[in-house]
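Chains as they are written, first to last, in this note's numbering: chain P, 139 to 393; chain Y, 139 to 393; chain L, 139 to 393; chain U, 139 to 393.
Hints were generated in silico from the structure; no laboratory data involved. Take the hints with a grain of salt, since some may be wrong.
Copies of one chain are not kept apart here, so a pair can be met inside one copy or by any two copies together.
[Stated by the list, open to error] Straight-line Cα separation of at most 27 Å, DSS-like style, residue types lysine-lysine; simulated pairs:
hint: 1; residue 1: Lys348; residue 2: Lys180
hint: 2; residue 1: Lys358; residue 2: Lys152
hint: 3; residue 1: Lys348; residue 2: Lys246
hint: 4; residue 1: Lys243; residue 2: Lys180
hint: 5; residue 1: Lys348; residue 2: Lys358
hint: 6; residue 1: Lys152; residue 2: Lys180
hint: 7; residue 1: Lys152; residue 2: Lys243
Owing to the predicted nature of the structure, the values given are computational and were not obtained by experimental measurement.
Number of protein chains: 4
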Amino acid sequence: MIRVTVWNEYLHEKNEPAVAAVYPRGIHNAIADFLNEDANIKAGTATLEEPEHGLTQEVLDNTDVLIWWGHMGHARVSDEIVERVYQRVLNGMGLICLHSAHFSKIFKRITGTRCSLRWRDIHENERIWTIDPTHPIAQGVPPYFELEQEEMYGERFDIPTPDELIFLGWFRGGELFRSGITYRRGFGKIFYFQPGHEMYGNFYNENVQKIIRNAVYWAKSTFTCEPYFNGDAVPPPNAFVNEIDLEPHKEYGKR
Amino acid sequence: MIRVTVWNEYLHEKNEPAVAAVYPRGIHNAIADFLNEDANIKAGTATLEEPEHGLTQEVLDNTDVLIWWGHMGHARVSDEIVERVYQRVLNGMGLICLHSAHFSKIFKRITGTRCSLRWRDIHENERIWTIDPTHPIAQGVPPYFELEQEEMYGERFDIPTPDELIFLGWFRGGELFRSGITYRRGFGKIFYFQPGHEMYGNFYNENVQKIIRNAVYWAKSTFTCEPYFNGDAVPPPNAFVNEIDLEPHKEYGKR
Amino acid sequence: MIRVTVWNEYLHEKNEPAVAAVYPRGIHNAIADFLNEDANIKAGTATLEEPEHGLTQEVLDNTDVLIWWGHMGHARVSDEIVERVYQRVLNGMGLICLHSAHFSKIFKRITGTRCSLRWRDIHENERIWTIDPTHPIAQGVPPYFELEQEEMYGERFDIPTPDELIFLGWFRGGELFRSGITYRRGFGKIFYFQPGHEMYGNFYNENVQKIIRNAVYWAKSTFTCEPYFNGDAVPPPNAFVNEIDLEPHKEYGKR
Amino acid sequence: MIRVTVWNEYLHEKNEPAVAAVYPRGIHNAIADFLNEDANIKAGTATLEEPEHGLTQEVLDNTDVLIWWGHMGHARVSDEIVERVYQRVLNGMGLICLHSAHFSKIFKRITGTRCSLRWRDIHENERIWTIDPTHPIAQGVPPYFELEQEEMYGERFDIPTPDELIFLGWFRGGELFRSGITYRRGFGKIFYFQPGHEMYGNFYNENVQKIIRNAVYWAKSTFTCEPYFNGDAVPPPNAFVNEIDLEPHKEYGKR
Numbered sequence: 139m140i141r142v143t144v145w146n147e148y149l150h151e152k153n154e155p156a157v158a159a160v161y162p163r164g165i166h167n168a169i170a171d172f173l174n175e176d177a178n179i180k181a182g183t184a185t186l187e188e189p190e191h192g193l194t195q196e197v198l199d200n201t202d203v204l205i206w207w208g209h210m211g212h213a214r215v216s217d218e219i220v221e222r223v224y225q226r227v228l229n230g231m232g233l234i235c236l237h238s239a240h241f242s243k244i245f246k247r248i249t250g251t252r253c254s255l256r257w258r259d260i261h262e263n264e265r266i267w268t269i270d271p272t273h274p275i276a277q278g279v280p281p282y283f284e285l286e287q288e289e290m291y292g293e294r295f296d297i298p299t300p301d302e303l304i305f306l307g308w309f310r311g312g313e314l315f316r317s318g319i320t321y322r323r324g325f326g327k328i329f330y331f332q333p334g335h336e337m338y339g340n341f342y343n344e345n346v347q348k349i350i351r352n353a354v355y356w357a358k359s360t361f362t363c364e365p366y367f368n369g370d371a372v373p374p375p376n377a378f379v380n381e382i383d384l385e386p387h388k389e390y391g392k393r
Numbered sequence: 139m140i141r142v143t144v145w146n147e148y149l150h151e152k153n154e155p156a157v158a159a160v161y162p163r164g165i166h167n168a169i170a171d172f173l174n175e176d177a178n179i180k181a182g183t184a185t186l187e188e189p190e191h192g193l194t195q196e197v198l199d200n201t202d203v204l205i206w207w208g209h210m211g212h213a214r215v216s217d218e219i220v221e222r223v224y225q226r227v228l229n230g231m232g233l234i235c236l237h238s239a240h241f242s243k244i245f246k247r248i249t250g251t252r253c254s255l256r257w258r259d260i261h262e263n264e265r266i267w268t269i270d271p272t273h274p275i276a277q278g279v280p281p282y283f284e285l286e287q288e289e290m291y292g293e294r295f296d297i298p299t300p301d302e303l304i305f306l307g308w309f310r311g312g313e314l315f316r317s318g319i320t321y322r323r324g325f326g327k328i329f330y331f332q333p334g335h336e337m338y339g340n341f342y343n344e345n346v347q348k349i350i351r352n353a354v355y356w357a358k359s360t361f362t363c364e365p366y367f368n369g370d371a372v373p374p375p376n377a378f379v380n381e382i383d384l385e386p387h388k389e390y391g392k393r
Numbered sequence: 139m140i141r142v143t144v145w146n147e148y149l150h151e152k153n154e155p156a157v158a159a160v161y162p163r164g165i166h167n168a169i170a171d172f173l174n175e176d177a178n179i180k181a182g183t184a185t186l187e188e189p190e191h192g193l194t195q196e197v198l199d200n201t202d203v204l205i206w207w208g209h210m211g212h213a214r215v216s217d218e219i220v221e222r223v224y225q226r227v228l229n230g231m232g233l234i235c236l237h238s239a240h241f242s243k244i245f246k247r248i249t250g251t252r253c254s255l256r257w258r259d260i261h262e263n264e265r266i267w268t269i270d271p272t273h274p275i276a277q278g279v280p281p282y283f284e285l286e287q288e289e290m291y292g293e294r295f296d297i298p299t300p301d302e303l304i305f306l307g308w309f310r311g312g313e314l315f316r317s318g319i320t321y322r323r324g325f326g327k328i329f330y331f332q333p334g335h336e337m338y339g340n341f342y343n344e345n346v347q348k349i350i351r352n353a354v355y356w357a358k359s360t361f362t363c364e365p366y367f368n369g370d371a372v373p374p375p376n377a378f379v380n381e382i383d384l385e386p387h388k389e390y391g392k393r
Numbered sequence: 139m140i141r142v143t144v145w146n147e148y149l150h151e152k153n154e155p156a157v158a159a160v161y162p163r164g165i166h167n168a169i170a171d172f173l174n175e176d177a178n179i180k181a182g183t184a185t186l187e188e189p190e191h192g193l194t195q196e197v198l199d200n201t202d203v204l205i206w207w208g209h210m211g212h213a214r215v216s217d218e219i220v221e222r223v224y225q226r227v228l229n230g231m232g233l234i235c236l237h238s239a240h241f242s243k244i245f246k247r248i249t250g251t252r253c254s255l256r257w258r259d260i261h262e263n264e265r266i267w268t269i270d271p272t273h274p275i276a277q278g279v280p281p282y283f284e285l286e287q288e289e290m291y292g293e294r295f296d297i298p299t300p301d302e303l304i305f306l307g308w309f310r311g312g313e314l315f316r317s318g319i320t321y322r323r324g325f326g327k328i329f330y331f332q333p334g335h336e337m338y339g340n341f342y343n344e345n346v347q348k349i350i351r352n353a354v355y356w357a358k359s360t361f362t363c364e365p366y367f368n369g370d371a372v373p374p375p376n377a378f379v380n381e382i383d384l385e386p387h388k389e390y391g392k393r
């Protein structure tokens, strides 16, 4: 069972009828709903205006993969909660940042860059191309698929070179974008995926859902942390080199 | 069920009693045996002196992951069989190259380099360090583990920059090595792992076994090839841009 | 002084008046001409139908960077010459493959993949985006530039993950492409650049010229090979560990 | 002319006679001195206890490459100055972090990770291996070189996968380390290099000096920023697709 928490700032849907018409119960529930159709996933939700943004330490400790959607409310996310999320990622929680979460505090913290890009919102169509079809996140995804309308996000996307480039997005107006990319930080795996403007309903798209579902499986940590965190002080010089005795050890440790 | 074929040149064991004492039924059977303890894996074997080196088209078509061990017999492997294996890798078969398979025809074909390295065989001890503990191949592997004796393989290993660097090996005599690395070629995933000299019995080591088993799971293809191979001619310009009509199409295709 | 050899199959220009009208003295001379405007570069040419394709050992030994343009004549390039070029690349000669050289024997040898792609030739326009503006090859290149007409090359380009992704190409008809990428093999640096169809005169484009010129500077080897090739037998265990004496050294070496 | 500023916390040298004996004028001057022997480099210094740590906006604006050495004083570096340095890196200043600067605020900000590692200080010897001899930073550096004494830094080094792995360090006691690595952030290039403990005088080592000097050349920005920063608002849909007119443009921009 993979425990997912879908976080959404949940502001557009409450304040803009046009958005509410697309996602009546909010983007977070739209995502949690299709994830919960998978018997191996149990997805809950959390939003900005809940106490602690819904991200208490207990919630995070019981989350394998956190999904993040934010836009107009980035600045309202408290630095303390961002730090808490960041530490959980370093300790192995997966993180999936969607669409305008490219500009969230947590994504900037993880990338160490500005994460700036070009954008244009004219109901433009996008074609997403699969660049790495062998990647687990691309499992079952066709060589390309279309989104009839999406906000254009264009290069240069100011990010570190991704660990993996899985999808590239083509926009009709002349731009393109590294639309599906991965990073590792600490023991955590991170996936950024570009589609998901609040107006266009692309979280109902079959391929978008497939990709997010695949990313949940991929981002769930597979390693056993304990030896890395406990009882793993640096050893004295190895047993085979015990003749090293130049001077009494001054000090050794792990930080 | 993952269908594995373990290929071994099977020469040392037949001609050198000291090696036969370590691997009485050959390296291939030692590997197949521990893999077959996993209920999800069905491992068979193939060797150099069988007809077609045991690698008929039918065998390869029914192999999800091929494991390769070779050393003194590299030059005896026929170019035709190497081409057959290569094409299967491009079409999605996983490949795991062990130890002196760094110098095999198939590994050189895949890397496009000389794959040269330093070596020294003095019963030296090795410590293998886990560099990427989040990688599925490192699942359950400790921060480091020891091999009491192994042949030293040292840098500079003349290979392309690996897609992923999972393990580094430290040798007592002063050398180190990129001991666990991955590549993708076509639709196939490749893992190279350095331990496994014919004299030292390290295929009985618990961590070596764990790593090879993890690599089998990782290398098995997860994608659906069909749309990439059939009915996937390049489209005419996309439906949203059908106003393109500068000139009659001269030609288009896919190669 | 950087010594460049521009190799061109030189077939289209000799047989198709429409191509000859674009490149009257051949693509090779068009490229050599603009390179020779740089006082630090001395560019010569070589073509398919010359003896040894113009690529004698002496020519290659006196070439710092080889530029390759081929298309309809790939199969006519002799395997022996390809091997000779390949060995020079491994020993430090830079290599720049242009446009349909994606399918040349030398590029496939270096990548270890099929190098297949989608293509369409309808006088389509392309926009090239600079993804890594800090790369020396992108020096002075704007965030994007236009080519009014170019042959469409589209993903999935079946190549290994590039060491560096510098440019992405957007095509009006709905496709995109990793248009400027690098690899290292042995001691050689390789750059692939997608523009340059024989019909469209893009080797006269100011930005295309700037990129190829930058790539010449970048691909020229900066390292001193000698210690890697001569007198660099693997050492006995290091001086600080000379107490290693478990057994007489059986053997050591370098391959 | 490359303008370098060498920053050093300059605490050990002022408070510990044993360190002062090694670096009488401080580590910063030891580094600036050998850099200033190069006619193309002009190196100044700055230290923690100067006003603004010696890193005024004017100093940074006139610095092409900043070198950073810190250890016991990491926490005393003001967040405001770190932010100032960080912004300059994003805008194109090179950054070279040495030894215990792995734990500096600026390096953690750039990597987005904990940057933890193992360490042991027993006058242990280190062998540094050149993994990427084609890299400009490795120009003239032998296949390996020895440091008679250095503080051991061992894996797992908790960092993002480097853009380039140039050097690996072997330590006698059984550890190894990714000793020379690069990153890009924004328009800035970053090099981390592991040697340089305050006690061991390795900044006088010929190869260490060569590597730092090479890194200065490499880290100096080569690109022309202006088109990226000024007059580079996202364009309206491109001229070739001006028939796009589905709806009036709602908005477009660049962030």
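A quick look at each hint next to the structure:
1. Lys348 x Lys180: Answer is within; shortest intra-copy Cα gap is 16 Å, inter-copy 30 Å.
2. Lys358 x Lys152: Cα proximity of lysine 358 and lysine 152: none, with 31 Å in one copy and 45 Å across.
3. Lys348 x Lys246: within (26 Å within a copy, 33 Å between copies)
4. Lys243 x Lys180: This pair counts as within: shortest intra-copy Cα distance 26 Å, inter-copy 38 Å.
5. Lys348 x Lys358: both (16 Å within a copy, 20 Å between copies)
6. Lys152 x Lys180: within (25 Å within a copy, 55 Å between copies)
7. Lys152 x Lys243: within (22 Å within a copy, 39 Å between copies)
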